[in-house]
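Trainee: In case you want the letters, here they are:
2 protein chains.
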Amino acid sequence: MKALVIATLGLLPLAGSALAEEGPFASQVEARQGIMRYYAVNIGTLGAMAKGEAPYDAAAAKVAADALAGGASLDTSMLWPKGSDKDAHPGTAALPALWADGADVGGKAKQLRDAAAAMQAAAPAGLDQLRGAMKGVGDACAACHKDFRAES
Amino acid sequence: MKALVIATLGLLPLAGSALAEEGPFASQVEARQGIMRYYAVNIGTLGAMAKGEAPYDAAAAKVAADALAGGASLDTSMLWPKGSDKDAHPGTAALPALWADGADVGGKAKQLRDAAAAMQAAAPAGLDQLRGAMKGVGDACAACHKDFRAES
Chain A
1 MKALVIATLG LLPLAGSALA EEGPFASQVE ARQGIMRYYA VNIGTLGAMA KGEAPYDAAA
61 AKVAADALAG GASLDTSMLW PKGSDKDAHP GTAALPALWA DGADVGGKAK QLRDAAAAMQ
121 AAAPAGLDQL RGAMKGVGDA CAACHKDFRA ES
Chain B
1 MKALVIATLG LLPLAGSALA EEGPFASQVE ARQGIMRYYA VNIGTLGAMA KGEAPYDAAA
61 AKVAADALAG GASLDTSMLW PKGSDKDAHP GTAALPALWA DGADVGGKAK QLRDAAAAMQ
121 AAAPAGLDQL RGAMKGVGDA CAACHKDFRA ES
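Those protein sequence lines, which keep their order, are chains A and B. The numbering of the first sequence is my numbering, which starts it at 1 and goes up by one. The numbering of the second sequence is my numbering, which starts it at 1 and goes up by one.
Bear in mind the hints are in silico, worked out from the structure with no lab data behind them. Treat the numbers as computed from the prediction; the structure is a model and nothing was measured.
Stretch-level coverage of chain A by chain B, calculated; a stretch enters the list once three of its residues show a Cβ under 8 Å from a Cβ in chain B:
no.	segment
1	28–38
2	59–72
3	77–90
Just so it is clear, CB atoms sit at the ideal spot from N, CA and C, and this is done for glycine as well.
Let the hints inform the model, and build the full structure from the sequences given.
Mentor: So this is what it looks like as structure tokens:
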């Protein structure tokens, strides 16, 4: 049994794939940045429609909004271990304030989940509805970034 | 209204954050690699318990297994545009075979979702159950990597 477990673990998904970053929390930083990039890809699809840079497409808007809502619903708590801030790790812009007493990270995460759920309802309903839901999404992104991400 | 939309989009989540990679599909590649890293972080937690490197902790195992199942349930289809293979993009190991006719990507994705769901049931139930579900997860990872990821 133990041999089987170990043999299986030899096939772990990213064994042999290099991390872009180094440092004690390189995996966590890469994972959380990738999930934010997943948000961004899908917000980009919705935003291009909102701005008229791409034609409104209800099906594509639904895929993007569903993806955003799915991503925002993930538990990413394990990707933010204490100490994985920009003072400790060159590859992240996360401010130590994120880990300070009273930092309402949970509330900000809920703001994004709620905004994404609103977008999920709005995006397939029509371009005006999609546009109407963009501000909530942008506000949720900004709420967290303003307090917890270093200016670049 | 349009000004509001544009102002909101100025707050887009990753405006101002540099991509680790460059190329036509840098965002998609970063997002998909980050999501796989999210799998790996959580499989690592489960694997450490399976191997006896960390004490079995039902609550922590549940968090990790729930995260793996949540990640495996995301629609990531938009992260794999045709042409985002290793021949076109230096930062990915994705083989062109992934986009070939008959490549059963959907079936392999389902294999991971099913294995993650089995782990979700098993992980909080006990160490033996967790160990029993590891092979399914490893097999699902390997099934996709064997066919679609370049050897490193």
